[in-house]
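A.B. asks: Just so you know, the sequences run in chain order E, R and X. With this note's numbering, the residue at position 7 of the first sequence is 7, and numbering never jumps. With this note's numbering, the residue at position 238 of the second sequence is 238, and numbering never jumps. With this note's numbering, the residue at position 176 of the third sequence is 176, and numbering never jumps.
FYI, nobody ran anything at the bench for these hints, they're computed from the structure. Ideal Cβ positions, reconstructed from N, Cα and C, are used throughout, including at glycine. Warning: the hint list may mix true and false statements.
Taking beta-carbon pairs under 8 Å as the criterion, some of the chain E residues facing chain R (in silico) [said to hold, decoys possible]:
1) His103
2) Leu111
3) Glu125
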Amino acid sequence: MSEHTTDDGEADRLASDDAAAIRVAGLTRRFETGEGVETVFSGIDLEIAPGSFVVLIGKSGSGKSTLLDVISGVLEPSEGSVEFVPGDRDAAGNGRNSVEIGHVFQSPRLLPWDTAVENIEFVHENDPDYTDDLAREYLDLVGLSAHYEKFPGQLSGGQRQRVGIARALSIDPEVLLLDEPFSNLDEITADSLRRELLSVWRELGKTVLFVTHDITEAVQLADRILMLGDGEIYADLEVDLPRPRDVDSAEFVRFRGRAVERFHSIDGGEDGR
Amino acid sequence: MSSTTGPGRLLVENRQVVFLEALATAAAVWWLASAGFGLTDTLSSPPLVAAAVAELLASGEWVPQFAATGRRIAYGFAISTVLGTAFGLLMGLYGFWEKVFQDYITVGLAFPSVFIALFAAMAFGVGDTAPTVTAGIAPFPFVAQNVYQGVNNVDTDLLEMARSFEVSRTRTLGRVVFRSVLPEWFAGVRYGFAGAWKLVTLAEAIAAEQGVGFMIQTELTRLSMTGVLAWTVLFGAVIAVFEYLVLRRIEERVFDWREQSAVAW
Amino acid sequence: MAVEGARLRGGDLTDRWLPRAVGLGLTFVLWLGLATWFERTSPVSPIPYPVETLTAAADLYLTGAVFAHLLPTLSRIVVGFAGAMVLGTVAGVLMGTTAYGEKFLSPFVVLGLALPSVALAAMARLVWGFSFAAPTTAAAIAVSPFVAINVWKGVENLDRDRLEMARSFGVSNRRLLRRVLTPDVAPALFAASRFGVALSWKVVTVTEVFAAASGVGYRVNQARGSYQYLDAGAWVVAFMAVVVLVEYGAFKPLERRAFAHRDDEDVELTGAR
Chain E
1 MSEHTTDDGE ADRLASDDAA AIRVAGLTRR FETGEGVETV FSGIDLEIAP GSFVVLIGKS
61 GSGKSTLLDV ISGVLEPSEG SVEFVPGDRD AAGNGRNSVE IGHVFQSPRL LPWDTAVENI
121 EFVHENDPDY TDDLAREYLD LVGLSAHYEK FPGQLSGGQR QRVGIARALS IDPEVLLLDE
181 PFSNLDEITA DSLRRELLSV WRELGKTVLF VTHDITEAVQ LADRILMLGD GEIYADLEVD
241 LPRPRDVDSA EFVRFRGRAV ERFHSIDGGE DGR
Chain R
1 MSSTTGPGRL LVENRQVVFL EALATAAAVW WLASAGFGLT DTLSSPPLVA AAVAELLASG
61 EWVPQFAATG RRIAYGFAIS TVLGTAFGLL MGLYGFWEKV FQDYITVGLA FPSVFIALFA
121 AMAFGVGDTA PTVTAGIAPF PFVAQNVYQG VNNVDTDLLE MARSFEVSRT RTLGRVVFRS
181 VLPEWFAGVR YGFAGAWKLV TLAEAIAAEQ GVGFMIQTEL TRLSMTGVLA WTVLFGAVIA
241 VFEYLVLRRI EERVFDWREQ SAVAW
Chain X
1 MAVEGARLRG GDLTDRWLPR AVGLGLTFVL WLGLATWFER TSPVSPIPYP VETLTAAADL
61 YLTGAVFAHL LPTLSRIVVG FAGAMVLGTV AGVLMGTTAY GEKFLSPFVV LGLALPSVAL
121 AAMARLVWGF SFAAPTTAAA IAVSPFVAIN VWKGVENLDR DRLEMARSFG VSNRRLLRRV
181 LTPDVAPALF AASRFGVALS WKVVTVTEVF AAASGVGYRV NQARGSYQYL DAGAWVVAFM
241 AVVVLVEYGA FKPLERRAFA HRDDEDVELT GAR
């Protein structure tokens, strides 16, 4: 699984700026239910540029998590294809196997019986370069320097999610997939984690696909917002606001207003703050 | 626990003190009943039993009996642990075997163990085998049930996480499934241990010429309540020491991650 | 999902009954194997053959001979179990509601759990002689700690929020008991009684071996003493028929109803504790 080039030193690995592009073509996913076949989405075409921060937003039940699962390979597509185009690091490779994907889940999904460091070590099965120092570096990166040896039960919700983010980053992924990672946290914690995610993203330059149902969060984070509903991407917005973004600035509020309007241009669902 | 520690509070709040109160109450009721109603022959009495225990200890008579029983418990316990774990894993991991053995578990849990002891006695006669086999077979449905539930309760989110990060099956089994099942397995094993010593003594009373169960049976034929109680008390004490000093320690060591869960949201 | 649903309906036979048939077949083969093996190796085989045993057991029922020992055993179980429920519930409620009760009674519960059934049987025999009271009290004493523990946990786990909710709406005590407390404690009580009945079978039969002149335990032991192994097997089978009937005829359906509002996993959990 590991595609790390061996001439990368420890320090370089942290700062690696390899990012992959994602190409999605004609993606369709159907489920068979008791009543018959239900199509979650169909014929989705997407091109995600390397290094960009893309937010996928949709109302409850729009199938955004399913789309993420199909893109990440957890679920098989019914039709269509997902292609990860590697960055410079392994231009020779092709197909999904050569591209590392880092996952961050809605609940952090940490092993409760393992410490923060051990949780990161867990996903480095075939990595000969792995040492606990690497885990500690990534924990430093997310501000957990004081908590290397703590069990998840001893950490707060926000700290647990930080470990989850550190774990995803630690495999030096070219693509980072996040499924509503901050929706279980209180707003203050979520806000500081958003800032940190942005600074980590700027520093490491990963391609990020981030799923949420929160428009403010989307506008705050994204280069580009994809809105999923009625089984298709019904809006594709470039967010050209300068960074860092101030959620109280006039231009942010204006942009957010337009996004909300666009978001509610189709029926159904009840969220989208 | 308590901020003020007056002598009155101590009497109702301190666990050790209340424990002694409970024991004293039981002993007093027992003593009064036997002495007051002139039933010392039937009910024995605390001083008689204490004297009998002291005599057993002093004469060293208890050593060979406890050695025999302990040996049988160890073998039986090992058998039930292996059998129970194997069946539990089989049921937890494979849907087909789950359905095959679910009835075994249901019936096995309710099966009167004395029948197992009696048939073991018929099959193997007097000796080590009958108690060992009884203690190996009778409690294993409990162990199996626990392991099976443990496997069933493994957090699927964690399994999915492991798959997302392309962690191999072997590593997932070791680091996720095994660790998840451990508490339930341990609970089952403890039950298996409790079952082992109850069943070994039972089988010894039916088919043995040595062992604590055999001694209780002997005292019963002599109609000596004092003897029955002396062996029971001594046996209970040994088991309690083992439970607290060995099993508790192991449990604390293995599950230290649970102890340290001071959740700060 | 539709595929699975269809398979369940159409293929109940292969999905549920085939494994059970395999299980039954395995029992038969194992039994036959044991019987054959002992037949070959020992002068008097202690393990009777399955078909002969089943026939003999059926004969016990057909001639009515079974009731001479089955009825005493069952009546002892019923009375002993009822005693245990009363004793255990009182102790459990005391332990769940008062701190002193918990500390005072838990040594007795631990003691009761730890008491080997032989010791219990021997004591019952010495106190009560060969009488109805011996197996009955033995069962009551052995089972009540389990009931007490379950009730205690049930009372302790009562949902305080729900109680407060009911109180803030001015719900009457009777209604509170019926609509909130009973459903809350019912699963624990059910688990206790299920386990209690299973334990009653065991303790009563044990005590009958040592302290009774009737009952199935007494009868099997007597058959063993006179080397009538087929007889012993037949009595065991005859008794197990009742056990199976109670388990599958009463407890399984009741269990499904009592836990209708709960998740499957919780139901499984209460099975054997």
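A.B. asks: All hints are to be evaluated individually against the structure, with a verdict given for each.
C.D. replies: Checked hints:
A cut of 8 Å between beta carbons decides the hint on histidine 103 of chain E: the least distance to chain R is about 4 Å, and the hint holds. For the restraint placing leucine 111 of chain E at the interface with chain R, the shortest Cβ-Cβ distance is roughly 7 Å, inside the 8 Å limit, so the hint holds. With its C-beta approaching chain R no nearer than about 5 Å, glutamate 125 of chain E sits inside the 8 Å limit, and its interface hint holds.
Of the hints listed earlier, there is not a single one the structure fails to meet.
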